[in-house]
Amino acid sequence: MVVITRRRSSARSARTVGSNAVIVGAGAVLVCLLAWELLARGPLAGGPFPTVGAIAGGLAGLAARVSFWSSLAETVLTALVGLGLAIIAGVVLGVVLGSVEFVYRSCRLIIEALKPIPPIVVMPLVLLLLGPSTEMGMFLVFYGCLWPVLIQTVVGVRDADPVLIDTARSFGFGRFQRAVRIVLPGAAAFIVTGVRIAGAAAFVIAVVSELVGGAPGIGRDLFVAQNAGLYAEMYALVFVMGVVGLAFNTGLGAFEKWMLHWHPSVRREVVA
Amino acid sequence: MTEVVAEPNTPERTEQRLVVDELRKTYGAGVEAKTVLDGLSFDVRSGEFVCVVGPSGAGKTTLLKCLAGLLPPTSGTSYLDDTPIDGPPEKLALVFQEYTRSLMPWLTVAKNVTLPLVNKGVSKHEMRKRAEEALDAVGLTDVPGKYPWQLSGGMQQRVAIARALAYQPEVLLMDEPFASVDAQTRFELEDLALSVRERFGITVVLVTHDIDEAVYLADRVVVLGASPCQVREIIDVDLRGPRDQVETKAQRRFTELRSRVFELIRAR
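Those protein sequences? They're chains D and C, same order as listed. As numbered in our numbering, residues 1 to 272 make up the first sequence, in order. As numbered in our numbering, residues 1 to 268 make up the second sequence, in order.
Don't read these hints as lab results, they were simulated from the structure. Here a beta-carbon is modelled for each residue, glycine too, at the ideal position from N, C-alpha and C. Take these hints with a grain of salt, some might be off.
[What the hints assert, rightly or not] Here are some, though not all, of the chain C residues that point toward chain D, as calculated from beta-carbon distances under 10 angstroms: (1) Arg24; (2) Ala68; (3) Gly69; (4) Pro72; (5) Pro84; (6) Gly87; (7) Pro89; (8) Leu117; (9) Asn119; (10) Val122; (11) Lys124; (12) Pro148; (13) Gln150.
Bound conformation, chain C alone (with noise of 0.2 angstroms):
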């Protein structure tokens, strides 16, 4: 019998999606400098739902916006698939908290929705099929020939993911968004998130300041201390069974974890 060489599983650098390499940024500079970042390192794997949670002004936004190439940091790099990120990588879509702010007024949804594409080079055709296909992700297949502004705060934060899913990104960055929608509609976003990952196999990368949805939506929590911000540490969820917002919450283990990261960021 001839020997069977295992074959590798995937190599641990092609799994690493995303790696932040000691991330500094500081506003200002002189006696009026302000450190924000304080050295962040952290990598997110292939396919995985990463949580950055942190007190309020710890810099969450600004780490967000660092990873998303729309502002350069100090020092430290950080890398998308071994590229260093230095402008807004390709593969990379970022959805903000201002569904009101961040989606075009004068634009119908279905228009909304296909804008980042109008320079991609996609047809009208695949355009189409492609806002369909994203809205139908989030849930909204009746108001493509509405206005954002004629729909409520979630449909609108849902037209918001559809518009970065249609640009087909492979990692999703998300900045607190449903932090600007009632309680029952956040449940409702925070599964939406689930299954679009789920459905399309993407990264995501969540910035929150709320622990429950951290926990709850996470492979693993980012905790960040208060400014300037480190890494206080990195937390593996170990939850049983696919995420419910009763049975997952009902957990002991959820109970624990999200203590847990409330002392970490309690702590001083």
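Extracted from the complex, chain D is given alone in its bound form (with noise of 0.2 angstroms):
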């Protein structure tokens, strides 16, 4: 008998748990406004820290500025391509390592050796090679990123359960079906997590390319703001960061939600 039990209680109390970390969560937010507020009227005072009302009237300058829109975007499309194209790269390239131990073994310790060496590390190179231009960051976001997607697809290519293989092996599936239709998804708990383990740098290294590397976007504004000494902007760009981060972040988590749909870790029904 099919017996599927939605847990309606426990998804109740998730809601309500939900609710109340809003509520916890914006309580937090108040008291650090408030401490912000306070420190900088008081001890602080004359110092770089502008107070709240001064953030939020940078932040209103700067929505209206066509610039800072045009700058954001350039950040977050920095941060999309070089994300995708790292996704792309090392899922492909994860496949062919996971797949064939030859080439495997082959590729390990370079892989090892070139996984932890930072991006901002590889910037002065790529500064030299592309300039401080957008094609820039997006490598620096592409080479940030390609390493987790990368491992992690490795790994759960290796972990197939061997009974999926001799299962599509048996159905006549060759090596590329195989790849495709069972590997692949079969690995996609791990090379998800890669994704957001790459997804939540993508955008800090975008940042980083623009504020160190020079390249356009919220990040060179935000180096410009800071030299000008217009430290309300400062802080409201700081601000965005802070949000599109999360924004980032959220997408992320619905995207794994989405793919891994089936998956013990986000399904809800259950077999009673």
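Combine both chains into one complex, guided by the hints.
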């Protein structure tokens, strides 16, 4: 018999916990803003710490400027394109590496050596080649995001269930078909984890490539605002970065849920 | 009157669907070498239900993998319709014990069932028809849109059987297919296996360690000895009437046969 139990009770309690979390979270934000305001008006007054009101003004000023929106679009595009390319390359390479033992053994050392090199270390070289451009930023994001996706894909592919593989082979599935129809979906949970790690880094790397490398975007705007002593605008930009980072993470979380709706870690229905 | 020349019945050769000839499988080499299959020979006739029974660890799964073309034997050959098996044959489908691992959790029941058809040039319409027919044959008509993990163990194994049927095989190999379900479900699935053989006229080779199951299902039982495994004896199961969980198992002949198999397995 099919017994599908939508776990209503736990879903409901999750919802109440959820709304509680929103209230608690909002409370914490208010406390932080209040503390900031007090510090900015009191002991730190006169330093580079504008009041909350001033920062809000800076934010309004930014929102009214077209150049801000194009900068923001530039940064988000850099992060998304770099991440997208890293996912494509990481998954394709990962499947090859994970399924061909010889290639895996050959490349392991190289990957292990390249993986810990932070993108910022590679930046001078990329700057020389591409200049302070959007492409430079995209490449750095790509470089930083490639490793988690690649490594997670390799692990997921190597973890493929031999029973699934035998099942597919008995149906006459060739290597390519097995990779696409069996191995890849089977490795999805690993790959999505890699994408989440990469996604969290993508936006940060994009901003850093602008802040340090001078590629166009809100990172460079931040640098400019700081040098010009426009502190309210600077903090407004930091605030925007926080919000965009949060949106990135939420988006990736939703992507994970959608990709893995069938996976034990996500699915709701249980067999009783 | 002209003399009537009696038409010969179907010749002996074509009646044999599956022939296993001196099959030997050794893992590893040198001192570490371990022989699992030690020259197995038997055959399976067209439409026959053969159970291979043997003690745990005897190499039953290795044998089935060789027959399925998933594992090359060290020596010897098996033939499906006179063609040596050197890769997964198209006319053969496989059902594993571990239904939770052989069904794709990311595909719905219907998609799981039609998965083996995706590279056979079968039209969408034909796929749907075959999935419906196969699910009907295993008694699962109301779940095509569900996912395997939403079903009970017995139902999942039915889906795996339906998938094998949708493939329209001539030979169905089953590796301990009912070992992971509860006793009640097990009886239901055993009868399902018999009805499927009846309905589709396919040849079934079922590997099991359960002697009752082997005697109940089979036309012939191939009894394997302990490792390295050889064929101890091939027993004709001459039970009266259609198989029935209560009536058949109450027959004295059933008890005799299962004792015979048990003694063969226990003998050193």
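Tested hints:
no., hint, in the structure
1, Arg24, "21 angstroms, violated"
2, Ala68, "5 angstroms, holds"
3, Gly69, "8 angstroms, holds"
4, Pro72, "13 angstroms, violated"
5, Pro84, "17 angstroms, violated"
6, Gly87, "8 angstroms, holds"
7, Pro89, "9 angstroms, holds"
8, Leu117, "9 angstroms, holds"
9, Asn119, "6 angstroms, holds"
10, Val122, "12 angstroms, violated"
11, Lys124, "17 angstroms, violated"
12, Pro148, "9 angstroms, holds"
13, Gln150, "5 angstroms, holds"
Figure legend: structure checked against the earlier numbered hints; hints not met, in rising order: 1, 4, 5, 10, 11.
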